[in-house]
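*Asks:* As a plain string of letters, each chain reads:
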Amino acid sequence: MQTHTEVLEEARRQAEICNACRYCEGYCSVFPALHAERAFADGNLTQLANLCHNCRGCYYACQYTAPHEFDLNLPQALANVRQSSWEELAFPQAAGRAFQKNGMLIAVATVIGFALLFAALRALPAAGGEGFYAALPHNAMVAIFLPAFLFPLVSIGISLRRYWRQVGGRPVKLSHLVQAFGQAARMKNLKGGHGDGCNFEDQDRFSHARRHAHQAVMYGFLLCFAATSVATVMHYALGMPAPYGLLSLPKILGNSGGLLLVAGCGAMIRLKLRSDRSFGAPSAFGAELAFVGLLGFVGLSGLALYALGQTALMPALLALHLGAVLAFFLLAPFTKMAHGFYRLAALVADAQR
Amino acid sequence: MTQSHSPTNPDIVVIGGGNAALCAAMTAAEAGASVLVLEAAPKAYRGGNSRHTRNFRCMHQGPLGPLVESYSEEEYLADLMKVTGGKTDEQLARLAIRTSEECLPWMQAHGVRFQPSLSGTLSLARTNAFFLGGGKSLVNAYYRTAQQLGVQVLYEAAVTHVHLAGDQVEYIDYTHMGETHRITPKSVVVASGGFQADTDWLARAWGPAAKNFLIRGTPYNRGVVLADLLDQGIAQVGDPTQCHAVAIDGRAPKFDGGIVTRLDCVPFSIVVNQNAERFYDEGEDVWPKRYAIWGRLVAAQPDQVGHVIIDAKSLDLFMPSVFPPIKAASLRELAEKMGLPADGLERTVGEFNAACGDTSGFHPTELDGVSTTGLTPPKTNWARPITQPPFYGYTLRTGVTFTYLGLKVDERAQCSVGQGPVRNLWAAGETMAGSILGQGYLAGFGMTIGTVFGRIAGKEAAAYANAH
Ligand SMILES: Cc1cc2nc3c(=O)[nH]c(=O)nc-3n(C[C@H](O)[C@H](O)[C@H](O)COP(=O)(O)OP(=O)(O)OC[C@H]3O[C@@H](n4cnc5c(N)ncnc54)[C@H](O)[C@@H]3O)c2cc1C
Ligand code: SF4
Ligand code: SF4
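Heads up: the sequence lines are chains A and B, in that order.
Those letters in the first sequence? Residues 15 to 367, by this note's numbering.
Those letters in the second sequence? Residues 1381 to 1848, by this note's numbering.
These are calculated hints, taken from the structure and not from any lab test.
No experiment lies behind these values; they were computed from the predicted model shown.
A couple of the hints might just be wrong.
Stated by the list, open to error - Straight-line Cα separation of at most 20 Å, SDA-like style, residue types lysine to any residue; simulated pairs: (1) B:K1634 with A:G307; (2) A:K286 with A:G307; (3) B:K1669 with B:R1506; (4) A:K205 with B:A1489.
As the list claims (entries may be wrong) - Coverage of chain B stretches by chain A, computed from C-beta distances (three or more under 8 Å per stretch; other residues unrestricted): (5) 1498-1506; (6) 1633-1639.
Where is the CB? At the ideal position from N, CA and C, for every residue including glycine.
Isolated chain A, as found in the complex (with noise of 0.2 Å):
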């Protein structure tokens, strides 16, 4: 396996061979952030590495791939680069270089999750409670889940410090966040510089695929999460606990979030599985496989949950799903989860340029 360093100076090689042929200029973002060097630093590199997302377009245009002498191949060197730079920057940085590129503990740590919250559900029995509540109650809820959520967003912020400056980054104004939330919301980059998509379902062939199964994942993600949130405070600040009605706002925005997010997840991992993995980190294949994986799970879990709450599959249902998600909030430093935050610094970055 290459090292930090050796990943940067492969990546550094084919940035310049780019920067004197410059054909590619109007596929993504990574190119006129990259003409605008004129050698590459190593935070250059990772900031290049953060703003492409392995569209492959440049790969397949580029009259240099192997065999020619030049082996050009920029979605894998950026893809080496944005992997280790993923470990380099987690906090702890442990943690990143254990399930950065490793499926199985991805796996394991997700079946860790399943066994607490069952441990849980039999430790803490009932205190009279509604709903889910009668298997856990809503006190222990708070106590597992508050600082799983808490620890991830304190990790990321010091990971995306540390990208801050390393990439040297300037202090951010209204109208770089407004440019970079665009850029993501569109999904600007998948579209490809003639929005005909990207390279990622058949070799030269343009397709909207993955871009597709992408925002599936998304949005059904952030209705999700927004389904929580809006839960959280009609318990907390209107005084309306759980559980809800079918047309209750968490409900339908948890309900179609689902939904999307199992739809996504499923394509996203079809697609994985279909596409030429030499574009990609090879390494961190089966990782990125079983965090998408645990994504679907997730959402499917949830969907299950919903269906079957009132029979007696419930409690385990519940185990499943909250372990699930369990393992996703605390790996989501670890995993592809965190590139959504590197991404959107980069583009903050790029927007600065």
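Based on the hints, put chain B with the ligands in the right spot on chain A.
*Replies:* Same frame as chain A, now just chain B with the ligands:
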């Protein structure tokens, strides 16, 4: 689609797999003919020199696609006449120029995507449309579209002989996977480029020095079909001894180095030969206008090499190139690293520095008139003493883009033999570009010729095949 023809016996064979070939193949398939493309290169290297291109020069009466303002037929023609010194078939040139305007939307309809003019090439934003991703993405798009149109493509299929019987092509021989095959299409389109990759031929035409030239594009354009047809008396055009050559980084690979090997630093440098002597005015004109003559200048030096010497203050004035410069703290050290006589280099730089005058008017992007006095050869612009370490050096060699010898065609892209046309043979692209471009070169015109005449050849070949 004519279904009755098996792929091994198509209506039309297109020889070559670059821009001109694919434009011909798609047009013929759309006219209902069955088409087989024989491409000598393996799939990874398909697309000849077209995969190295970046833009296409296009006439337009108003804003068109990525092109701003307008570019009239007369202006385009005048630009062409300037670079060819009038060695241009005006009728064919006007045909290419006029048709270029309808080519741009046609290209888009066949999958090509454009992008705004690349950074560092703003001067071309009005005249040249840049392909998003460059020529290889254009080639990829055309192969996809061609295959959707039912065009058959055979890679690693090198045509060895196009047999002429009287005024007609009778059959074609090609090799594929170590075996020779013969097919008898109704029509044939030749789009297999020039002969520059055959360095023996180049050496026969230019002289032994050509053995030291680098070939900027594909190793597969060896002129096999061109030579075969000329041997059989097909009409030829263009100076057989000439090629288009530019000065590129001497460390470039022998073939296929492409665009990244170009060096733009000459105007800010002095250039010396192996003996550490200057031999030409480095500041004669802005680099795009002098790019081509330096290929010849370097070719005339011992061992066909030149050495560019600059100092620290000039390093950021030109586009970065693929290989980093050789760097040294002193001129002596630089000379040693570059294999130049150290005393000689110090003397040459010293004389040059002494001849430099007031440099306050220095302006890197304009002819600034900052020149030497009393030096032979002079440097007439951008002449600043080379004094500030570290010093940097690049090696220059001659890089051949294409050759001028070609098949003579008429406005229907048809070849001829003796006094009349060959009834079922058409040619497009580099292999007939000599019919229009007698010497010199105008950026983006190669793709214009290939697209315009590829489409004409495809249409004519299909009309003939459909009628017979
Ligand atoms: C580095 C570089 C950059 C350039 N940039 C530009 C630019 O930006 N704009 C522009 O207009 N022009 C540019 N040119 C010139 C341009 O490449 C040519 O004018 C154009 O590509 C010619 O197209 P073509 O289809 O005739 O030939 P090619 O694209 O060279 O295709 C010839 C094809 O014939 C095949 N072939 C050869 N022999 C045989 C055989 N015996 N049997 C079967 N197949 C055979 C080859 O494999 C190849 O596929 C550039 C050239 C180079 C080298
Ligand atoms: S990926 Fe290849 S074609 Fe694209 S800019 Fe880099 S070197 Fe040029
Ligand atoms: S893979 Fe796509 S996003 Fe990444 S650099 Fe290439 S074109 Fe840009």
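*Asks:* Give a verdict on every hint.
*Replies:* Status of the hints after comparison with the structure:
no. : hint                 : result
1   : B:K1634 with A:G307  : 49 Å, violated
2   : A:K286 with A:G307   : 12 Å, holds
3   : B:K1669 with B:R1506 : 17 Å, holds
4   : A:K205 with B:A1489  : 19 Å, holds
5   : 1498-1506            : holds (count 3)
6   : 1633-1639            : holds (count 4)
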